[in-house]
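Take these sequences, add in the hints, and give me the full structure.
These protein sequence lines are chains A, B, C and D, in that order.
In terms of this note's numbering, the first sequence opens at residue 5 and continues consecutively.
In terms of this note's numbering, the second sequence opens at residue 1308 and continues consecutively.
In terms of this note's numbering, the third sequence opens at residue 6 and continues consecutively.
In terms of this note's numbering, the fourth sequence opens at residue 72 and continues consecutively.
Any given hint might turn out to be false.
From chain B, some residues computed to sit far from chain A (all C-beta separations above 10 angstroms) [claimed, not checked]:
| id | residue |
| --- | --- |
| 1 | Pro1312 |
| 2 | Val1315 |
| 3 | Leu1316 |
| 4 | Ile1319 |
| 5 | Ile1323 |
| 6 | Thr1330 |
| 7 | Asp1363 |
Taking beta-carbon pairs under 7 angstroms as the criterion, some of the chain B residues facing chain D (in silico) [to be verified]:
| id | residue |
| --- | --- |
| 8 | Val1328 |
| 9 | Val1358 |
| 10 | Leu1404 |
| 11 | Lys1405 |
Don't read these hints as lab results, they were simulated from the structure.
Every residue gets a Cβ at the ideal spot worked out from N, C-alpha and C, and that includes glycine.
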Amino acid sequence: MSFEAPHIEYATLSPLLIVFGVALVGVLVEAFVPRRLRYLVQSVLALVGLVAALAATIWVATDLTVRGDGAARGSIVAEGAIAVDGPSVFVWGTLLLLSLISVLLFAERHLDGGLSAFAGQAAALPGTEAERQASTRGLEHTEVYPLMMFAVAGMMLFPASNDLLTMFVALEILSLPLYLLCGLARRRRLLSQEAALKYFMLGAFSSGFFLYGVALVYGFSGSTHLAAIAEAVNGRIGGQGLLLGGIALIAVGMLFKVGAAPFHSWTPDVYQGAPTAVTAFMAACTKIAAFGALLRLFYVAFGSAERDWTPMIWIVAILTMAVGSVFALSQTDIKRMLAYSSVAHAGFLLVGFVGLHEGGEGISSLQSVLFYLVTYGFMTVGAFAVVTLVRDAGGEANHLARWAGLGKESPLVAGIFAFFLLAMAGIPLTSGFTGKWAVFSSAAQGGAWPLVVIAVLLSVVAAFFYLRVIVLMYFSDPVGDAPAVAVPSILTTVTIAIGLAATVVLGILPGPVLDLAADAGAFIR
Amino acid sequence: MEAEPFIVLSAILFTIGGVGVLTRRNAIVVFMCVELMLNACNLALVTFARVHGNLDGQVAAFFVMVVAAAEVVVGLAIIMTIFRTRRSASVDDASLLKY
Amino acid sequence: MELYTPVIALAAIAAGFAVFSIVMSVATGPRRYNRAKLDSYECGIEPTPQPIGGGRVPVKYFITAMLFIVFDIEIIFLYPWAVAFDAMGIFGLVEMVLFIATVAIAYVYVWRRGGLEWD
Amino acid sequence: MNISLSEAAPVVSPTSGDGVLSLLWLIPALPALGALVILVLGNRRTSPWAHWLGTATVALSFLIGLVAFFQLLGRDESDRSVGQHLWTWFEAGSFTVDLGILYDPLSSLFVLLITGVGSLIHLYSVGYMAHDAARARFFGYLNLFVAAMLVLVLSDGYLGVFLGWEGVGLASYLLIGFWHHKPTAATAAKKAFVVNRVGDMGMVLATTLMFATFGTVSFEGVSELASGASQTTLNILALLLLLAACGKSAQVPLQSWLLDAMEGPTPVSALIHAATMVTAGVYLVVRSNFIYELTEVGRTAVVIVGAVTLLAGAIIGCAKDDIKKALAGSTMSQIGYMMLAAGLGVAGYAFAIFHLLTHGFFKANMFLGAGSVMHAMDDDVNMRHYGALQKAVPVTFLTFAMGYLAIIGFPGFSGFWSKDKIIETAFGESLWIGLAALAGAGITAFYMTRLMIMTFLGRKRWEPGVHPHESPKVMTIPLIVLAALSVLGGVLLLGDWIVDWLTPVVGHAEHHELPLPVIAYTLIVVAVVAVGVAVAWLLVAKRDIPREAPQKVSFVTRAARADLYGDAANEALLMRPGNNLVEGLVTFDDDYVDGVVDGTGSAAIGMSGTFRRIQTGYVRSYALSVFAGALLVVLALLAVNLG
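So this is what it looks like as C-alpha cells:
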C-alpha cells in the first residue's frame, strides 16, 4: 500500500490555525489559571488572538496567487479540503473584525454592577441559593471566550471549505459552541435555556438534512470535493434525482443557518433568549459565514445546475423578505424585532444571490452580497450593543413599551439607535442603502426583475417597523418609570462607535470596501 | 451488490427519525430521533462509498460519528440543565418564547 | 456466503453454550436463597440503593458518560490509523500525537475543574 | 434658438465652472451645516440663537445662488450648464456613481425659489414660532429640509435626486408631526410618510431600471443613451417616474396625504406643502424631459394625472371650511396645472416651470397670510368663525388679496400670465384637455373668492373672547415681499424670457397653430374667471354664512368635504391590490403600537398580529415548518426539472 504524506500549507492556513490555537489555549487557561485572573487573561487572549489572526489574514490576502484567467486568486490547500481564495479571505477579514468588536461586548462588566452578562454558574438552578451565592461571589463563566473562539474558527472554516465533508464539520464546529453560549445568560435564565434547547434541537435537525443532502450528492458524483461535484453536475452523469434531492436538502441546512423562511422560526426565539452579546455575535457572524458557504457551494459545485435551483431561491427569497418584514411589525420585544429584521435582511441577500453570479460588467452577485454582509454585520452588532444599554431593575429592558420616550431620556443613545434603524431600513447616506442598492442592482443585471420589484416593495414595508421604533422613542411619553440608560465602559462604547462609524462611512464612501469585494474576485474551483 | 435496498432503508430510517422529531415530546427521544437521522445518513454514505468504489463515504461516516458524539455531549448538557430547572424534559413545556 | 460460514458457526456455538449453561444451572443447581443472592449483581460491591421515583441516577454518572464519549471518539480515529501506521511513518505519528494532545486538553480541563472527583 | 429643431431632447453635457460657480456646493452645504449644528447641540443649548442661524444660512445660500445666477446669465447660451463633481459614491468594476452638481437654467431657477422663499419663510417663522418651546428644533428641521431640497434640484443624477427626495420626505415627516402631542399631527405625519414611500418605490425602481439598462444614472449618461432604449423600457421608466412624482406632488391617486399634512405648523405648509417640496414631482418630470420626449404613453399619463388632479383639487377646495385645507386643495389643483403643462412636452415644460415659480410666490404668500390670520384668531382654522377681518389685519388682508388676484388669474398679476399660457397650450394639444384646464380656472376663481369673502369680508362670526390683531413686523415683511412677487412675477415672461432661458434644458418648441387667435383664449379665460367670481359672490357674500357647516348639502359638497372620498378610494382601490399592506399597516400601527404604549397590548389586531401566532413557541411546530420547508424546496427543484 503506497502512501503519500498529506501536505498542509500551514502559512496559508495561519489565520484559521491561530484562532483554533487560541481557543485551545483558552481551555488550558480555564484549567490552570486562578479564578480571579481568568477574566483578564481570557479576554486579552481572545483579543490578541483575533488581532493576530486578522494580521495573518491580511498577510495571506496580499499573497494570493493568480490562477488561470486572473478572475480568481488563491489556492486550494490541505489536500483539497480548503480553498483560500479572494472571497474566503474577504469573509475571514469581516468575521474577525466583527468578532473583535463582539468580544468587547462579551467582556463588558460595567452595565450590571460589575458582573458580566453571562451566568455565574450555569449549573446552579435559577432562583436558588446556589445561584445567589455564585452571583455574590462574582463567579462567571469565562469559558465563553474559548467557546466563542471555537465558533469563530468554525465560521472561518465554513465558507472556505472546498469539500462537503469539511463543510459539514465546520458547520458543527460553528454551531455547537453557539448552542451553549445561548444558554448562558445571567438574567432571565429560563428564557436563555429555552433558547439554547430550541436552537440545539432545530440546529441538529437541520444539520441532519444537510448531511443527507451531502450523502445524496456524494452518491450522485462519487466525491465530496466541490470541483469533482461541479464536473459531475456539468456532465450530468449519475441520477438526476440524487442530485436534485441532494441540492434541496443541502439548501435546507444552509438556509436554516442564514435564517431564511420557512427555516427561520428559530431566529426570533433564540435571538430573544440568548444573552445580547451572543445575539449580536451570532446574528452578524453566523449569517456572514453561512452566506459565504452558500455562495461557494452553489456557484462552484452546483453552478451549472443553476437553472434548477434558481426558482427555488426565488421562492425562498420572497417568502423570507415577506415573513421578516411583516412579522416584525407586530413585535413588542426589541430583540425579536431585530431578529425578524435579520430574517428580512437574509431575504434581501438572497435577492443579490440570484444575480449575475461572478465577474462580468457591473456589480456581480458575489461582490454585492459580500458588501451587503459587511454593512449588515456592523449595523447589527452596533444595534444589539445599544440594546444592552437600556436597562431597568430586571436587567435589559427589551419590551418596546419600555423604549417609549427614550429620545428625551437619552438623546444620544436614542439618536444612535435611530441611526442604526434608518440604516437597516435602507435610508440613503447610510450603509444600508448602499448595500441594498448593490444587491438590487446585481439582481436587476441578472434579469431578476420581478424579484427586485418585490424586494423594493417589501423594503418599503420593512422600513415601516423601523420607523415605528423611532416614533416610539421620540414621539411617545415613557410609561411608568423611565428605563435607565446604563453608562457603558470603554468596551461597549468602542463597539458602538465602530459600528456607527462603519455604517456612516460605508454609506457615504462605500468605494473602498466595494473595491475590496470586487478585488476578492471569483471563487477558485 | 445491489445498492438500492440500502438507500431505501436509509431513506426509511431518515424519515422515521424526522417524523419522530415532529411527534415525540420527550427531549431525549427527540434527540435520539435526530441521531437516527444522522445514522441514516451514515448508511447512505457507506453504501455510496461501496457503489463508487472509493473511501470518501466511509471516511465521512467516521466524521459523522464524531460529530454526532459531540452533539450528544452538548445536547445532553442543555437538556439536563433544562430538566433540572423545569423538572420536565418535554420539549413542549419550553415555550415561553413565542409570537 | 462462504466468507460468513465460520462467523455463523462461531455465533451458533457461542449461543449454544450460553443456552446450555443457563439451562444446566437451573436444572442441576441447588436452590438455597439468601438476601445477598437476591440482590442485583454489582461485581461484588454493595449495590447502590435504587433511587426513588423511577430510576433516576445522579448527575455524576452523566459526566462520566460524557467523558467516556471523548475516548470513544478517539478510538474511531485510532483504529484506521493503527492499520495504516507503518505506511504513514513519522508523519502519522506526529499527527496522532497532535490529535491526542488536543483531546487531552479537554481532558485536562475536566480534571482541573473537578470533573473526575466523585464526591 | 441655436438648436436645430430635432425631435430629441437636448443632451445634458455640463461644462466646468469657475469663480462663484465653483462654490456651488456651498448652497446646500450651508443649510445642512445649520441643521447639523442645531440638531446635534439640541434644542435647549441652541434656543437663543438657532432661529437666526437657520435664517442666516438660508439667506447666505440665496445670495450665493443669486450671484451664481447672474454668472450663468452672463454665459453663452450653449455654455449654461455647469457641472461640479463632488465625490465618487460607488465604484464597482466598470461602473461608477458620482455625486455631483448640475447647475443649469432649470436648477438655477429652483435654487432661487427655494432659498428665496425659504429665507422669507424662515424669517416669518421667527415670529410665528416665537412662543414654541421647541423653536430651535423647528429651525433645525427647516434647515434640513432646505438642504435636502437643494440637493434634490442640484444633483446631476437620479441617485442624487433620490438622496434629496428621501431627505425632503424625512424633513416633511418630522415637520408635519412637529406638534406630535396632537394625535392628528402624528397620524398625518405617518400617513404622509407611508404614501410617500409608495412614490419613492417608483423612484427606486426607475433608478434601478436605468442602471440596468444604461449602466449609469447620471442625467448626462441617461439623456445621451435614452434614445437607444426600447420603447417598453422608456414607457415603464416614464410611468415609474410619474409614480414617484405623484407621491411627492400629491397627484391623484397619491394625493390623500397633502390635506392631512396641514397639521404641521403653517410656515411648513407654506414652504414645503405649497412652494417647494410638492413641486419636486414637476421638477422630476421636466428634468426627465429626455425620457418623456421619447414616450407618448408616458406623456399622456402625465397629462391625464395633471388634468384629473387639477379638477379634483379644485372641487375639494370648494367645500373646505378649514382655511389651510382649502388652500391645500388649491395647491393640489395648481400642481395639477403644472403636471398638465409638463405632460404637454416641449411646448409646456417652460410654462410648467413658470407656473411653478409664480405659484411658489402667491401660494406661499397666501399660506403665510392664512398663518397670520390664524395667529390673530388664536389658531382657529375654521373660516366659518372668521369674517370682517380686513379691518383687523389690514396688512395681511392686502397682501392676501394680491395672492388672491394672482391665483385666480386677474389680468396683469403673475398667475394670469402663467395659467393663461398653460390653458392656451392645452387647447393647442386637445380640446378636452383645454376645457378641463379652463373649467379648473373657473372653479379656482369660485373657491378662492369664497375663501376671501368668508375670511375678510361679511360680518363678524368670531368665537367669543377672540381679539384679532395684526402680526409683528417680522411676519408682515415676508408677506409684503411675497405679495410684491405675486404681483410682478409675470415679468419673467417678458419677451418670452423664461422660455428662452429654459431652451438649453428642455429644447425648443415649434410654434403651434391654434384654431383661434391667442387673444381670444385670453378673453375666454378671463370671462370664465369672472363667472367664477360672480357665482361665489352671489352664493356666499349675498347670503348669511352659518357658523356651523350645514349638513343638508348636495352629494357633490359632501363628496368634496370628504376629499372626494380620497381616503375611501384609497382603501377600495389601493388597499386591495398590493398596497393594502402598506395602508393597512397605518391603521394597524395606530391600533396596535399605541395600544402597546398605553400598556394595553391586547389590542393586537391586524394581519401581522394574526400571522405571528404561527410562531407558537413549540420546538416541534418549528421543526414541522423546517420539514415543510424542506418539502417545498424539494418540490420547487423537481417542478423546474419536470415541468
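Violations among the numbered hints, reported as their numbers in ascending order: 7 and 9
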